[in-house]
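Undergrad: Just need the whole structure built from these sequences, with the hints factored in.
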Amino acid sequence: AQVLISTGAVSAGRYDFVPDALRGRGARIVFHKVAIRPGKPLLFAVL
19 AQVLISTGAV SAGRYDFVPD ALRGRGARIV FHKVAIRPGK PLLFAVL
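Residue numbering for the sequence shown follows my numbering, starting at 19 and increasing by one per position.
Keep in mind that the hints were calculated from the coordinates and are not lab data.
Incorrect hints may have been included.
[Stated by the list, open to error] Okay, the calculated beta carbon distance ranges per label pair:
#	residue 1	residue 2	range
1	Gln-20	Arg-55	25 to 31 Å
2	Gly-31	Phe-62	17 to 23 Å
3	Leu-60	Arg-32	16 to 22 Å
4	Leu-22	Val-52	15 to 21 Å
5	Ser-29	Leu-65	15 to 21 Å
6	Ala-53	Gln-20	25 to 31 Å
7	Arg-41	Val-21	15 to 21 Å
Note that CB positions come from ideal geometry on N, CA and C, so glycine has one too.
TA: Below is the structure:
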């Protein structure tokens, strides 16, 4: 199995480029914008 973990770059609003970049590579977004502390917003995707 291969795993990629990114610990940053997810935001909220018009400058949140990560979800579109992941979808462009064929990823399935499982959840996004979960308000978890520390580190909100959180995104989880399967590529």
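Undergrad: Run every hint past the structure and note whether it holds.
TA: To see whether the hints hold, each was checked on the structure:
Under the hint 25 to 31 Å, the C-beta atoms of Gln-20 and Arg-55, about 29 Å apart, fit the expected range. Taken as a hint, the range 17 to 23 Å holds for the pair Gly-31 and Phe-62, whose Cβ atoms sit roughly 19 Å apart. Distance hint check: the CB atoms of Leu-60 and Arg-32 are about 19 Å apart, consistent with the given range 16 to 22 Å. The supplied range of 15 to 21 Å is met by Leu-22 and Val-52, whose beta-carbon atoms lie about 19 Å from each other.
The supplied range of 15 to 21 Å is met by Ser-29 and Leu-65, whose beta-carbon atoms lie about 20 Å from each other. About 29 Å separates the C-beta atoms of Ala-53 and Gln-20, a value consistent with the hinted range of 25 to 31 Å. In this structure the hint that Arg-41 and Val-21 lie 15 to 21 Å apart at CB holds, the actual value being about 19 Å.
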